[in-house]
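Novice: Given these sequences and hints, build the entire structure.
There are 2 protein chains.
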Amino acid sequence: KTQKEPLEELSAWGKSSGPNSWSRVSCPCCISSQIEPLVLIQLSENVQPITKQWIMSVISAPVKTGGSQLLVHPGEDMKGDMIVVAAPRCTLLRVTEDLGLCKTYQDGNMTAFSYEDKDNFCNIEDMQRFLTLAERQFIVKHELDSMRALEDQRIPGVPAPKGKLKARESILQKLEKAGVIRNITPLHDQKKLTALGKQWYSQKNLWGQPLDGIQAYFGGTIAYYFSFLDFYTLSLFPPAILGLFITFFLPSINFSSENTTASESTQAKEDDDQPSVSSYMVQAVFSMLWSTVFMELWKRRSAALSYRWGTFNLAEQFQEPRPGFHGEIGTNPVTGRLEPLFPDWKRRVRIGLVSVPVVGAFLGLVVMGMAGFYFFERLVSGWHKSYDSYFTVALLYLPSVAHIVYTNVLGNVYRNVALQLTEAENHREESSFDYHHTTKVLVFTFFNNFAVLFHITFFKEDLALLRKRLSSLLIVTQVVNQFTEVVVPFLVDRFMSTSERNLKEDDPEVDHLQAQGNLPAFPGLFAEYIELLVQFGYLSLFSCVYPLTAPLLLLNNFTEIRTDAYKLCKLFNKPFSAPVANMGVWQVAFEVLSFISVMSNCWLLLLSPRVKDLTQDAGLSSGQVLVFAVIVEHALIAAKMILAFIIPDEPDWVRIKREQIEFHSMQALKKQRVKRIQVDDTLPLKDKL
Amino acid sequence: KTQKEPLEELSAWGKSSGPNSWSRVSCPCCISSQIEPLVLIQLSENVQPITKQWIMSVISAPVKTGGSQLLVHPGEDMKGDMIVVAAPRCTLLRVTEDLGLCKTYQDGNMTAFSYEDKDNFCNIEDMQRFLTLAERQFIVKHELDSMRALEDQRIPGVPAPKGKLKARESILQKLEKAGVIRNITPLHDQKKLTALGKQWYSQKNLWGQPLDGIQAYFGGTIAYYFSFLDFYTLSLFPPAILGLFITFFLPSINFSSENTTASESTQAKEDDDQPSVSSYMVQAVFSMLWSTVFMELWKRRSAALSYRWGTFNLAEQFQEPRPGFHGEIGTNPVTGRLEPLFPDWKRRVRIGLVSVPVVGAFLGLVVMGMAGFYFFERLVSGWHKSYDSYFTVALLYLPSVAHIVYTNVLGNVYRNVALQLTEAENHREESSFDYHHTTKVLVFTFFNNFAVLFHITFFKEDLALLRKRLSSLLIVTQVVNQFTEVVVPFLVDRFMSTSERNLKEDDPEVDHLQAQGNLPAFPGLFAEYIELLVQFGYLSLFSCVYPLTAPLLLLNNFTEIRTDAYKLCKLFNKPFSAPVANMGVWQVAFEVLSFISVMSNCWLLLLSPRVKDLTQDAGLSSGQVLVFAVIVEHALIAAKMILAFIIPDEPDWVRIKREQIEFHSMQALKKQRVKRIQVDDTLPLKDKL
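Going down the list, the sequences are from chains A and B. Everything in the first sequence is counted per this note's numbering, starting at 147 for the first residue and increasing by one. Everything in the second sequence is counted per this note's numbering, starting at 147 for the first residue and increasing by one.
No wet-lab data here; the hints were simulated from the structure. Keep in mind that the hints are not guaranteed to be accurate.
For chains that are exact copies, the list does not tell them apart, and a pair is met inside one copy or across any two.
As the list claims (entries may be wrong) - Distance condition first, Cα-Cα at most 20 Å in a straight line; then the derived PhoX-like pairs of lysine-lysine: (1) Lys816 / Lys249; (2) Lys338 / Lys713; (3) Lys492 / Lys445; (4) Lys816 / Lys264.
Specialist: Rendered as structure tokens:
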């Protein structure tokens, strides 16, 4: 469970002396015989030695002087374009407290780490066991990000316009913008990686993922993704079994009885490959309730994981703001630190009056594009019918081509707009920035994916087409995904990584480092999550027309887990991954989808030809059927809400731990009243009310 | 602002000695020359002296021995059926800390009171200034409520079945059930009451209420009601002015232009007293946005008030459970106290699977009753037309009578059912119990009030009838309310209170007390709030058909404030009123209503004959109009949500204070790690996950 690997390969680094050796920190507690290289900074190839020297000096400078109090090593290669960074014990512990990470206390509970109280925490003597590799690397990144110029100054060796640093400007951002720093990556630990890979994606291990190992090695966001994927795959079994059952067993049973009621034989023939009404109903109601139970149970699991991984108490609002945050410099009234301040209401106004309308307008453009596509298609096919020439045949392709081009251009424009809108919202916390940025991209991507299906369902009301489209989407997407995610990477791996493959164990460390830096950057989890979300959409929104969705998804997820793991371990640079307490916006997205699914499924049931026949036989007017459908829909939504209410969002033991902490904080505050920071005491209370 | 009344009338009490004197508390800090009588306990007339003696001894006993450590006085009357209770300083301070009340700290901030740190709080030397009268009285009530039998015992002087106390049973509840205690009321302070009344409802004071004074004298819940009423009345000005403008100015302008478009003169004549389309629209859109702005601003005001009144930090979940709470005795894992425990999931299951369906069934019964009424009315009027005899004339009244009887019986049954359901949910906190109980009654009452109006709007689609009904409801309700709330109480006051009126200032104190106990009990704020809510419903749901709603409501509220104040001060016993941080469930009810109003208003616009004409002229099918209406509805809901998002729920300065406390608690917890209570440490962490 804990990482107790011997650090032999590091000892060579730790012991080396001379000009090419580790910098020293002026801290008596941090004398250690071994130093673990954590992060690799790659400089541009034409960087001046004086600039490199300056960067190294800033990184190793104490926090008071604007540095980050880390250990740096100039690397040992010819080019001199890399800096290796490690962290002394005192910096690791200080940032652990700043981040609000919880660690095992002597009484066995996870407790917010406190530097003063450090001796009461378990494993405190061994940083490799106290913090996970991912945490140590994130701490280094966090400290590098928070380096700020104390006053206006120039970066040595960089020409004036690019090299001018203003007071409080983020040094790292400036260096990246100036092109001095190419890349910052956490370093792999090949032994651990091999061990993790064996447990994770080897053929022998068919079920279960080493989640704790993933969390330790890759960090919070990635561990959450794989935990969710794991849980989701497991949860797919009930709908998959039901789907298989309905597809292969029910039709034969129902047909004998259905044939007697539905007298029209032509209708019955057409329905040959369609599920019967009762299986429609069963499938729809089951999938609606299933999605709620699944999401609620995942929330509990997520809360349990966040306790287990010590991230349930993160207090990002009390940390330094993220590097991109700007505002007037002032004293933070809560923490008393000097930092940029930006009023919350301004942000809210920008979100509400700028971002939301702009995103809405882009969604409108998607709809207009689709409407235009259908309009021109009808127009062109009309021309083709009337004139029937080669020219009109060529014209037939025009609407599709134009639509694809339009969609792509729109998507690219939107991606830029979304980023700029989120930048303009000026979020203080990294997580809040991610949340708003992801939401924007997510809504658009989702809309793009489902607009056609919704159009078919609600406007064309053509279930047969929907079924065809859905099955082809599911199968084609799977084949394409498997190909791009397995075959291409495998080939790339074979073809690209020859340079690294030739390295032997006893080659100099620096060549290994060099090789790591040359891999492509990990593109992030957005694509992975959106794939899951779109699939979940197919399943919950339209599953009742195509019961094989769940079995196909199950199959897909089984391979997905392995290919994602392989990709992450072998084909990309190791990404930084922050400690997080949940999936963030994705959780919300899945929940919203599960509520939209009620409307969609009720509509699909209403449209199904069998239901239409049944209601016509029963002599109900379309108005009455609609009212009935609305009532059923509201009842189902109520049932979902009751289910969601009954299943608590966190297990009792997590709730108790949380309340204990709350209670003890209250008590502690009373007992030891901290001198409060005087806020706004120029204004008397009356004027504020 | 603070209460610095001389306590002359109390000194007589404090100094009296002999058997009929105040009990003493074994606490060195609580020696005081003056004791303020706070609460009056009225016993049944045939109570045994030994029982009275026992009750007094329990109340004055220390907390350790199951008492409440209060001061008691046997009263000085002949009948011996009263006990007067006062509170020593140490008890007041202890409970202030338990309740989590905030008081002004030496640095000027409101800070959770802590006994250990008491010398740093302002006014700590004078309980009359440190705690408000209402707070002191609530503390006494709180302590009386929390008296529990330490072991199985018998109440002296009460026969066996009623007088048996089980261990941990609430002594007060038992005594009330056994009929020994008739009544517990906080005592009025006539001088303060007169002063408050002068500021509050005298003719001179036309605007503004002494909210701080109300909070100090009557306490939190009542002060919140009057603050809301005040704020609501003020907020009614914009819609009232718009309503008056539309009614008296717009029609004349619009008619000239409307006549040219609407060619049918009969239609135009019919519409004579109806507002035009554009005023409809303006009124509807305005009232929808207004209701959101109003609620959001009220939330800010409410947050500011809760800071001002020191109730923003109440931690009810860490207090003792409410008296009616039952469960298996165990150690509370959070606070470590021995108390009954009841798993949260059981409560959730009971709410979700029992309470919600039962409430739903009762709402169904209301609908069925209405449907039955309409059905029988049609049936009976059909008979009347065919047979036309005296018998059928009499029969014509039958459906109405039957419906009224049915509604009343249903209402009474429901009230009991709601109470029992909430009891069965076994809420731990008083506020949570109130919340769920009020919600149940509220939903039913509201449904009962609006079912007929909704029926007229959505099924009959008869706007003329709706307008008539609405105006008559508004006017009749106002007249009836004014009558019952002003005239009747005034007469009662004249007629009933002769006994008290005859008392002179120099009559013995005990007669004044006796007189106070004889007033009827205050019926609670439910009726007051529901009146406001129903009026708000008229305004926001249907205002666009009757623009004079807002001016009429404004008129009503002006008198409402005064009659409610008069009623509270003069006509009822003073009620206990807990310190609260907001309006509780009523806030939610108003917000929900404001969202329902969007649907209702869109539907009303769709139904309005002018809009129908316009769409017909424009050649739109009913389907297209419906789609358009749905789009408008969603856009309005989105606009409301954006507005609600933009306006923060609490003023910045309150948010900063709250975050400061959070931050300092976190810091304090780290610095002084309290020995944690070991929970569940028999189970290893792995088994829980």
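Novice: Now tell me if each hint is right for this structure.
Specialist: The hints, checked one at a time:
1. Lys816 / Lys249: between (25 Å within a copy, 13 Å between copies)
2. Lys338 / Lys713: Within one copy, since 16 Å is at most 20 Å while 77 Å is not.
3. Lys492 / Lys445: Answer is between; shortest inter-copy Cα gap is 19 Å, intra-copy 32 Å.
4. Lys816 / Lys264: between (23 Å within a copy, 10 Å between copies)
This entry satisfies every hint, going by the numbered hints stated previously.
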